[in-house]
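Peer 1: Here is how the chains run, residue by residue.
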Amino acid sequence: MDEKQIIQDFPIFHQPDRNGKTLCYLDSAATTQKPLSVLEAMDTYYKTYNANIHRGVYHLSELATEAHETTREKIRAWIHARSTTEIIFTRNTTESINLVAYSWGRKNLNAGDHMILTEMEHHSNLVPWQILAEEKGVELDFIPITDAGELDLEVYRQLLEKHPKLVCATGMSNVMGTIPPSKEMISAAHAAGALFLLDGAQMVPHMQVDIRDLDADFFAFSAHKMLGPTGIGVLYGKESLLEAMPPFLGGGDMIKKVHLRSFSANDLPYKFEAGTPAIAEAIGFGAAIDYLAQIGMDAVFEHESEITRYAIQELMKIPGLKIIGPLTSSNRGSAVSFTLDYVHPHDVAQILDRENICVRAGHHCAMPVHERCNVDASTRASFYIYNSLTDVDRLIDGLKIVHQLFGQD
Amino acid sequence: MDDLYRENILDHYKNPIYKGTLEPADLSFEDENPLCGDHLRIDLRVDEKGNVTDARFSGHGCAISQASADLLLESIIGKNIEDLKKLTKEDILDLLGIEELGPVRLKCALLSLKVLKGSLYGIGQKDEDL
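Chains A and B supply the protein sequences, listed in that same order.
For the first sequence, position 211 matches number 211 in our numbering, and the numbering has no gaps at all.
For the second sequence, position 28 matches number 28 in our numbering, and the numbering has no gaps at all.
Any given hint could be a false lead.
In silico lysine to aspartate or glutamate, DMTMM-like type, Cα no more than 25 Å apart, as pairs [as the list claims (entries may be wrong)]:
id	chain 1	residue 1	chain 2	residue 2
1	B	LYS107	A	ASP376
2	A	LYS74	A	ASP341
3	B	LYS107	B	GLU48
4	A	LYS400	B	GLU48
5	A	LYS400	B	GLU7
6	A	LYS136	A	GLU150
7	B	LYS14	A	GLU139
8	B	LYS107	A	GLU355
9	B	LYS107	A	GLU139
10	B	LYS19	A	ASP341
These aren't lab readings, by the way, just hints derived from the structure by calculation.
Bear in mind the structure is a predicted one, so any value in this text is a computation, not a measurement.
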């Protein structure tokens with residue numbers, strides 16, 4: 001990977017802050033920075049062929065429709081889905097999961113039915129199911145997190161004996177970086193007669209995904225965590241499941257015919273895409289995929305692994321620092337969350353900000369993970385293609401300043 | 001920004017004077033900042049004229065929320081609760097000795113005032129009412 005070229009491609013890294021310090025961005029698990037090619041793709045659409053899609057007869061609209069649908073095909077190829085009918089554009093991972101809960105869940109889950117979640121989930125893969133459970137009387141079971149920061153697969157096997165209808169789990173923890181054995185978990189769910197929704201928000205940006213090989217029934221992810229713009233995400237679903245599901249939002253584009261008292265839904269994938277979509281964002285998303293494809297996802301994962309390995313090694317040397325999650329550096333995502341026993345994460349983040357280092361402080365939209373680890377909050381550093389070992393050195397130097405201010409000795 | 005971690009604030013954070021609980025207390029209230037999980041409880045003893053005779057805070061949180069609680073309680077001993085109802089955001093920033101704070105950290109700084117007012121009125125205060 002050409003680190004210098006990558007930094008060159010991201011305008012945000014060219015501007016030092018008011019103290020002359022370059023940006024050390026360690027919050028890519030929240031959202032990534034955007035390369036120039038993504039920004040230009042969106043800009044070019046607005047400047048030269050801005051038009052609504054799917055309905056204009058004129059040339060401009062055809063251009064916009066083609067660009068929008070080209071991204072759908074890129075995503076299909078990216079995750080190795082069978083057909084673009086299985087690629088539904090949403091606002092983000094959260095909306096994708098809500099779509100499944102609302103449409104599939106309402107139709108197929110009833111009082112007394114069981115479904116399995118994990119203690120490791122982001123709030124977006126918990127709250128939609130809590131809402132549904134409240135409404136329909138569905139029983140929620142949870143796969144616990146072990147002390148090593150992994151999912152307890154023994155308990156998972158026991159929970160599957162309750163014949164759940166659905167299992168929902170993350171493909172990579174946004175707090176701990178854990179990569180659960182998704183393929184094994186999915187096949188176990190299928191053997192027990194359950195469907196499987198895989199939360200790919202942290203997975204797709206960082207590693208090669210073959211959704212047909214994994215065999216997940218539903219799969220959700222967001223563009224903005226993989227160099228693309230905010231406001232657009234994807235729901236992948238197996239075609240037979242999507243066909244049988246009722247529409248989610250109603251409105252334009254998702255219909256074939258509308259009468260005063262009735263409508264007929266459009267074909268897939270449009271059936272689930274009501275209203276004018278995020279057209280520029282779809283086009284930017286396509287450029288983001290092109291950018292990652294040119295680097296190659298194996299190279300992305302290897303680069304992040306090297307930085308994560310170094311970060312864990314150096315962080316462990318700091319007195320009073322405790323890492324939340326697996327300490328292994330192989331087969332692990334790049335999110336590294338930690339606590340310092342003498343200082344609150346908010347203070348850590350604020351002091352690091354003075355050095356132009358951006359980290360996340362708080363519960364990272366995963367309060368149950370923190371409850372499980374008996375901490376109120378943590379500080380998280382997460383790495384991506386534009387980070388280097390130097391960023392880890394800056395983080396460690398910043399934490400030394402925190403120690404000077406807050407350390408007891 | 002350098003101001004935020006001045007000796008005074010760090011000192012009140014590391015060695016708080018009013019940390020603890022009062023059992024029994026005349027007024028007591030607790031609340032949290034859901035953003036960071038900071039949790040604060042304030043106990044007050046008040047005489048028949050409505051003057052605060054003793055105060056303590058407990059809970060956990062960042063340096064800003066803890067130091068602001070300690071500074072706030074130090075400032076209200078002997079004051080009448082009717083006067084305390086008039087305390088504002090600016091009073092807290094004055095106590096901390098800082099002119100302005102970003103919106104996220106402002107919630108940390110104002111948590112103690114929110115809890116104090118909750119104890120005075122017996123209900124939670126919205127941030128925008130402070």
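Peer 1: All hints, please: hold or fail.
Peer 2: So, going through the hints one by one against the coordinates:
Under the criterion of a C-alpha separation no larger than 25 Å, the hint pairing LYS107(B) with ASP376(A) is consistent with the structure, at around 17 Å. Using a Cα cut-off of 25 Å, the hinted pair LYS74(A) and ASP341(A) is violated, with the two alpha carbons roughly 46 Å apart. With a CA separation close to 33 Å, the supplied pair LYS107(B) and GLU48(B) exceeds the 25 Å bound. Restraint check for LYS400(A) and GLU48(B): the C-alpha separation of about 51 Å exceeds 25 Å, so the hint is violated.
With a C-alpha separation of about 18 Å, the suggested pairing of LYS400(A) with GLU7(B) holds against the 25 Å cut-off. Restraint check for LYS136(A) and GLU150(A): the C-alpha separation of about 30 Å exceeds 25 Å, so the hint is violated. Under the criterion of a C-alpha separation no larger than 25 Å, the hint pairing LYS14(B) with GLU139(A) is inconsistent with the structure, at around 45 Å. Between LYS107(B) and GLU355(A) the CA atoms are separated by roughly 23 Å; this keeps the pair inside 25 Å, and the hint holds.
Distance restraint check for LYS107(B) and GLU139(A): the Cα-Cα separation of roughly 37 Å exceeds the 25 Å cut-off, and the hinted pair is therefore not satisfied. At roughly 19 Å between alpha-carbon atoms, LYS19(B) and ASP341(A) fall within 25 Å of each other, so this suggested pair holds.
When each numbered hint is compared with the structure, violations occur for hints 2, 3, 4, 6, 7 and 9.
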